[in-house]
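J.: Sequence:
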Amino acid sequence: MKLGVSSYSLVNELESGEMDILGVVDWIADQGGEHIEIVPIGFELTGNPDLADAIREKAKSRNIDVSNYAIGANFETDSQEAFELEIKRVMGEVDVAARLGVTRMRHDVASSSDTSIGNFHRQLDRLTEACGRIADYAAQYGIVTSVENHGYFIQASDRVQALIQRVNRTNFRTTLDVGNFMCVDENSVVAVKNNIAYASVVHVKDFYWRPSYQNPGEGWFQTASGNYLRGAIAGHGDIDMREVLRVVKASGYDGYISLEFEGLEECKRGTRIGLDNVRRLWNES
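All you need for this note's numbering is the position in the sequence shown, starting with 1, plus 1253.
The hints are simulated quantities; they were obtained by calculation from the structure and are not laboratory data. All C-beta atoms, glycine included, are put in the ideal place defined by N, C-alpha and C. Errors might be hidden in some of the hints.
Unchecked claim - Pairs of lysine-lysine residues, derived as BS3-like cross-links and limited to a Cα-Cα distance of at most 25 Å, are as follows: (1) 1313 with 1521; (2) 1313 with 1255; (3) 1446 with 1255.
As the list claims (entries may be wrong) - Beta-carbon label-pair distances, calculated as ranges: (4) 1370 with 1533: 33 to 43 Å; (5) 1468 with 1507: 35 to 45 Å; (6) 1341 with 1294: 15 to 25 Å; (7) 1392 with 1270: 35 to 45 Å; (8) 1372 with 1418: 17 to 27 Å; (9) 1366 with 1440: 21 to 31 Å; (10) 1537 with 1419: 37 to 47 Å; (11) 1466 with 1443: 16 to 26 Å; (12) 1382 with 1533: 35 to 45 Å; (13) 1395 with 1471: 38 to 48 Å.
Please construct the entire structure, taking both the sequences and the accompanying hints into account.
T.: Right, dumping it as structure tokens:
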């Protein structure tokens, strides 16, 4: 197992200009992180090959890996032309991933206001085609592409599995976010048990949870069925993180674990504490 941090955890520093992405690499290495996951928010890599090279070389100089490149995508389009353009765009992002030197890349798959199971089944063939074509393109670089349980529409563990099984490529798996299952009211321990066998990368994220009839106010968002979530420091929230990590470890998973911090606390402090907690809980499990 290699424990590291998603650059998204420090997005506040990136967007404020307090840190740049090369400074984030240094900061993660200084905290004992073993890899950085690149999420291009707060900086731009498309059309900026020099920055991709600089990130790769900075990580190498600090003896940490660049583990995963995570981007957005949406193949639920209004026309065939838009569908083809989105596939072409994501293939271009695969080229960026290769330049970064990663062996893992997450791309989102679909976002829809209609999150029903009926619409999921209507879209599944189209999404399967897109993911298969991109995985085939990524294979030339030895890159494993993945879908994250993300965005309500393809977030529950069974929908993620359905897509992976339909795509049926050895290099198409899931970036398994242990916290995101809560957004569709799925128990994290159960969902991780369901999907850990399909994981290419594991995201560790924590949330506080409140029921739908106890609106906590500003800073919270609602799940698919109306409950409330707020980002927490890993190990501080309402996920049974000790058991989640025990399940991951017991499965034999030995890849990248990437911390994502989305709490209200100052991001460097929240990330540092979360990293320490995950390392301790993993060692104790």
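J.: Confirm or reject each hint.
T.: Checked hints:
no. : hint                       : verdict
1   : 1313 with 1521             : holds, 22 Å
2   : 1313 with 1255             : holds, 15 Å
3   : 1446 with 1255             : holds, 20 Å
4   : 1370 with 1533: 33 to 43 Å : holds, 39 Å
5   : 1468 with 1507: 35 to 45 Å : holds, 42 Å
6   : 1341 with 1294: 15 to 25 Å : holds, 22 Å
7   : 1392 with 1270: 35 to 45 Å : holds, 38 Å
8   : 1372 with 1418: 17 to 27 Å : holds, 19 Å
9   : 1366 with 1440: 21 to 31 Å : holds, 26 Å
10  : 1537 with 1419: 37 to 47 Å : holds, 38 Å
11  : 1466 with 1443: 16 to 26 Å : holds, 24 Å
12  : 1382 with 1533: 35 to 45 Å : holds, 44 Å
13  : 1395 with 1471: 38 to 48 Å : holds, 45 Å
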